[in-house]
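Peer 1: Heads up: the sequence lines are chains A and B, in that order. The letter at position 6 of the first sequence is residue 6 when you use my numbering, and the numbering goes up by one with no holes. Quick note: to get my numbering, add 1000 to the position in the second sequence (first position is 1).
It cannot be assumed that every hint is accurate.
Sample of chain A residues with no beta-carbon within 10 Å of chain B, all distances over it, derived [said to hold, decoys possible]:
| id | residue |
| --- | --- |
| 1 | Q2 |
| 2 | A33 |
| 3 | A46 |
| 4 | G57 |
| 5 | P58 |
| 6 | E65 |
| 7 | E78 |
| 8 | P123 |
| 9 | E160 |
| 10 | G195 |
For the chain B half of the interface with chain A, some residues (derived, Cβ under 8 Å), not all of them [as the list claims (entries may be wrong)]:
| id | residue |
| --- | --- |
| 11 | V1198 |
| 12 | Q1200 |
| 13 | I1213 |
Please keep in mind that the hints were generated in silico from the structure rather than gathered at the bench. Yeah, the Cβ is synthetic: ideal placement off N, Cα and C, and Gly gets one too.
There are 2 protein chains.
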Amino acid sequence: MQVTVIGAGNMGRGIGHRLVAGGHDVTVVDRDAEEAGQLAEELRAAAQGGATVEAAGPGTELRGEVVILAVYYPGSLELARELGDSLAGKVVVDISNPLNQTFDGLSTPPGTSAAEEVAAIAPAGTRVVKAFNTTFSGTLVEGQVAGQPLDVLIAGNDEEAKETVAQLVRDGGLRAIDVGSLERARHLEGLGFLGMMVQQPLGLNFQSAWKLIS
Amino acid sequence: MQVTVIGAGNMGRGIGHRLVAGGHDVTVVDRDAEEAGQLAEELRAAAQGGATVEAAGPGTELRGEVVILAVYYPGSLELARELGDSLAGKVVVDISNPLNQTFDGLSTPPGTSAAEEVAAIAPAGTRVVKAFNTTFSGTLVEGQVAGQPLDVLIAGNDEEAKETVAQLVRDGGLRAIDVGSLERARHLEGLGFLGMMVQQPLGLNFQSAWKLIS
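So that you can see chain A by itself, here it is in the shape it has in the complex (with noise of 0.2 Å):
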């Protein structure tokens, strides 16, 4: 599958790890024409099952079915605001949490979620998936926390859109858990809220994840 991912930064990185683990092509687009280069050099050389990565610049036409918004909140809003009428008929993927200025809640009213936000703003046709929103960079460029695959947590209203980033997720050695409708984010940037305030207090030094064991 060809995926764009928007955002070069520690996200970019770590999906993009599953991504191109998973043999997918990838296209990396940041402003910084640098960081996408660099973080492109660094999918293409972890990249298996003959995956194609390259980078480009703001602007660029979305190839593929699939974008995924690598980037902070709100920088997600302005980002769909932005790409406009190109989303239409896109998965696209929201992974942020949207927290207030001094990090010790979200910045959202209660009753939404970024996600919704961001299917508010996109046009008519997209389709929104919540995920890898409780999952931290470096546990998804490792893949795994402890010997155990992480768990990412999808939330949408489309279903064969959620299964396209599931069927990624999977992909990449992970397992997708379908939670439901995309006002289920909600609960999900909850989640991932939930688990940013405790790294600190418990030292876990975002090397932990949140995992539905059975």
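Assemble the complex: chain A is given as a structure, and chain B must be docked to it using the hints.
Peer 2: Leaving out everything else, chain B in the frame of chain A:
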């Protein structure tokens, strides 16, 4: 420690097992005297470290510092109203997941939680703690899932009260994780809800648990 568990149902049973495993004295209170008696007998047989267990009916004086409301929402609210002033000064543990009538969403409005509602009803000086809402009854009886000790996520505004609950959790062989203020019960209830929603699709039969692995 002396703990009163109100509700001799599944969750009262699960939590009761952890309490007596930790050597704590338990009073089981239920409107149904037979159920209370049966659970008390079961817990007595499982008790360790000299823990005592007795059964009592409603209206009994609340013994000990900790009262666990092991009932369904909104029964927890009714209970807080009924118990009224007898809760003042107590550590009151709300374990509920406020599911709506169609079991596909939360019945609490956005911007609050069952735990905060209990706190609003309880008299001044009641120290409400959210805990045990992301751990299913059967897994509490066992104390683990897949060989891993359960995580019990705890939220509350009174540090001492949270530490009291955390101590009970640890004594029962589980891991306590303090996620912060009582307001964060909203996210714990969101997580509890998601956990319930994936049971049937994933065929887990409530033998799973959310865990922060690291």
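Peer 1: Next, verify each hint and record whether it holds.
Peer 2: Hint-by-hint comparison with the structure:
no. : hint  : result
1   : Q2    : holds (29 Å)
2   : A33   : holds (36 Å)
3   : A46   : holds (23 Å)
4   : G57   : holds (37 Å)
5   : P58   : holds (34 Å)
6   : E65   : holds (24 Å)
7   : E78   : holds (25 Å)
8   : P123  : holds (26 Å)
9   : E160  : holds (17 Å)
10  : G195  : violated (7 Å)
11  : V1198 : holds (6 Å)
12  : Q1200 : violated (12 Å)
13  : I1213 : holds (5 Å)
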